[in-house]
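Q: Sequence:
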Amino acid sequence: MIPVPSNPSGFQFDFYQIDAIRERKRASADFLPESSIKTATYSGGGGFEIPYSEIDTLLLADWDVVVGPFDNESIITTLTQESAAELRETYKGYDIYVESDDAGANAFSGDTLISGLFPDPSLSGIKATIDVISGDGERFYDANDDFRTLADALGAGVVVGGRLTPDANSENLRNDVGIGTVIDTEDGTPVFSITVVFENAAAADTDAVRQLFVDDPEFRAYFDPETVTVEQTGRVVTLTGEFPAEQTPATPATMTTPAPATTQTTPGATTPPATTATTATSGDELVMSPLVTYENPVYGYQIDHPEGWTVNDNMPQQIEIGNSDRDGLRITVIEGQYASFTLEEVVDESLANTRQAATTLEVADRRKTTLDSGQSAVILDMTYDLPTDTARSIRSYLLLAKQDDTYYQVEFVADAPDWTSAVERDAQELIESFGIMASSSTAARMLAVGGRR
Numbered sequence: 001m002i003p004v005p006s007n008p009s010g011f012q013f014d015f016y017q018i019d020a021i022r023e024r025k026r027a028s029a030d031f032l033p034e035s036s037i038k039t040a041t042y043s044g045g046g047g048f049e050i051p052y053s054e055i056d057t058l059l060l061a062d063w064d065v066v067v068g069p070f071d072n073e074s075i076i077t078t079l080t081q082e083s084a085a086e087l088r089e090t091y092k093g094y095d096i097y098v099e100s101d102d103a104g105a106n107a108f109s110g111d112t113l114i115s116g117l118f119p120d121p122s123l124s125g126i127k128a129t130i131d132v133i134s135g136d137g138e139r140f141y142d143a144n145d146d147f148r149t150l151a152d153a154l155g156a157g158v159v160v161g162g163r164l165t166p167d168a169n170s171e172n173l174r175n176d177v178g179i180g181t182v183i184d185t186e187d188g189t190p191v192f193s194i195t196v197v198f199e200n201a202a203a204a205d206t207d208a209v210r211q212l213f214v215d216d217p218e219f220r221a222y223f224d225p226e227t228v229t230v231e232q233t234g235r236v237v238t239l240t241g242e243f244p245a246e247q248t249p250a251t252p253a254t255m256t257t258p259a260p261a262t263t264q265t266t267p268g269a270t271t272p273p274a275t276t277a278t279t280a281t282s283g284d285e286l287v288m289s290p291l292v293t294y295e296n297p298v299y300g301y302q303i304d305h306p307e308g309w310t311v312n313d314n315m316p317q318q319i320e321i322g323n324s325d326r327d328g329l330r331i332t333v334i335e336g337q338y339a340s341f342t343l344e345e346v347v348d349e350s351l352a353n354t355r356q357a358a359t360t361l362e363v364a365d366r367r368k369t370t371l372d373s374g375q376s377a378v379i380l381d382m383t384y385d386l387p388t389d390t391a392r393s394i395r396s397y398l399l400l401a402k403q404d405d406t407y408y409q410v411e412f413v414a415d416a417p418d419w420t421s422a423v424e425r426d427a428q429e430l431i432e433s434f435g436i437m438a439s440s441s442t443a444a445r446m447l448a449v450g451g452r453r
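End of the sequence shown = 453 in UniProt numbering, gap-free, step of one.
Hints listed in this document are in silico derivations from the structure and should not be mistaken for laboratory results.
A quick note: this is a predicted structure, and the numbers were derived from the prediction, not measured.
Hints may be right or wrong, so weigh each one.
Unchecked claim - Simulated restraints on C-beta separations:
hint : residue 1 : residue 2 : range
1    : Q317      : T370      : 21 to 31 Å
2    : T360      : G308      : 14 to 24 Å
3    : A422      : Q302      : 44 to 54 Å
4    : R210      : Q302      : 23 to 33 Å
5    : T78       : T360      : 42 to 52 Å
6    : T310      : K92       : 52 to 62 Å
7    : R366      : E82       : 19 to 29 Å
8    : Q375      : R210      : 32 to 42 Å
9    : Q81       : Q211      : 48 to 58 Å
Every residue, glycine too, gets a C-beta built ideally from N, C-alpha and C.
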C-alpha cells in the first residue's frame, strides 16, 4: 500500500534495501507477541512467509503497515513507558502515538499498526498511509507511471535502491525521470545493474549513461569496466557489470565492532550493538608506527591508521579498519536522517539509543572539539554492558561530527578490562586524525547508497 502524495510528479522516493526489511522483520519478531507473528504482514515487504523475490510494493517515507492480530495494549504500554510516547491525535479511527523526541510515530486501529520514523509536525506521512488503508488513496505504484516503470525495470535483488528525478534535468543526465541500482548474484558471481528511466524512448541516451559511470575513476575503483554492457528498452537504459574479485560486496570479516544503536521503524525496537566488540589485545598499547592515511572518496573523509591494519570498505557507508588482534576502528556515515538536527541533538540521540539498547551506560567524558578540517565535533568516552554479552563491559571512544545533512560517527571499541592509558592515548590519536574532505562524485555516491544521488 503506497499512498499518493499531493503532487506525485515532485515526489522523491527511496527503495528499501532488502537487508533493512529483513532487519525490521527480525526486530518486530522480537517485539510483537509471539502469537501474532504467524499472521502479521508488512505491506511494504509482503508476508513473513513470502519470498523476498516477490516484494513488489514499497511504502512512502519509511512507513510500515503491520496487520495482526496482536495485543495493542501491550505495545502501547511499551511505547509509553520506554519511549515516552503520548497520544497526539485520532485520525480516521487510528490513535496516533508520537514519541517524546519526535523520533517515531505509531498508529493503531483494530488489528492494524502503522509505524515510522521522524514524522513531520503535521503527521502527513502517516495520515497519507491511513488514507490508503481506508480506501481514500492509491498506491504510488499504481498512480505514478515513472515510479511503476522504474520499479518494474529494477525487479528484485539482494539490494535494490532508487529514486525519481522529477526535474528531468539532473546533474549529469538530461531528460531522466528516475534512476536506481540493483546488486545481486548470478551463478554465484556478484553483479550490479544501474537503471535510468527517461521521459520517453527518443530521450533515452545510452552514451550518457555509459559515460557517467564507466568513465568515472571512482566507478572504476568499485566495478570492472571491462564487464559493463549498456542496453536500451523503450525509455529504459540499463547498465550491467561485475565486481572485481577484490571488491566483492561481502559481510565484513573478523571485525565486529558495535554498530550505532538506532531507532527502528518497528515501535519500541532498537538495533543493539553487535555481540562481539573489537578488542585492544596487542599488549598494553597498540602498534602505531608507521601511520598511513585512509581516504574515502565516496563520502569525502580521511583518517590515519597503522600501516599493517586491513581496510574493509566494501560498504562505503560503514568501513572497518583493523588488525589480526581485532584492534580497530569503524566509521559510519548517515545521510539525510539528521538533516534538521544540531550536532548536540545528534549526540543526545546517539546516547539515548545506546542507553535503550544497553543494560547499563556510563559516560565518563563528553567534550567538544574541532576537526583539523574545520568542522565541529563531540567526543564521548563511555562504558556500557550489552544484554547479549553479560561477561564483559565495553569501553567506547566515539567521535561524532556533522556537515550539512551528513552525519559521521568514528568509533574505537575495546573490552573495558583491556583499556589502559596507553590504549586510550593511541585510540585518541587515531580518532582525532579524522577529517572531512571535499564532497565526492555523483556516480560514486549514487552507487554507494543504492541509488541516491
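Q: Please list, smallest to largest, the hint numbers that this structure does not respect.
A: As far as the earlier hints go, 2, 3 and 5 are violated by this structure, in ascending order.
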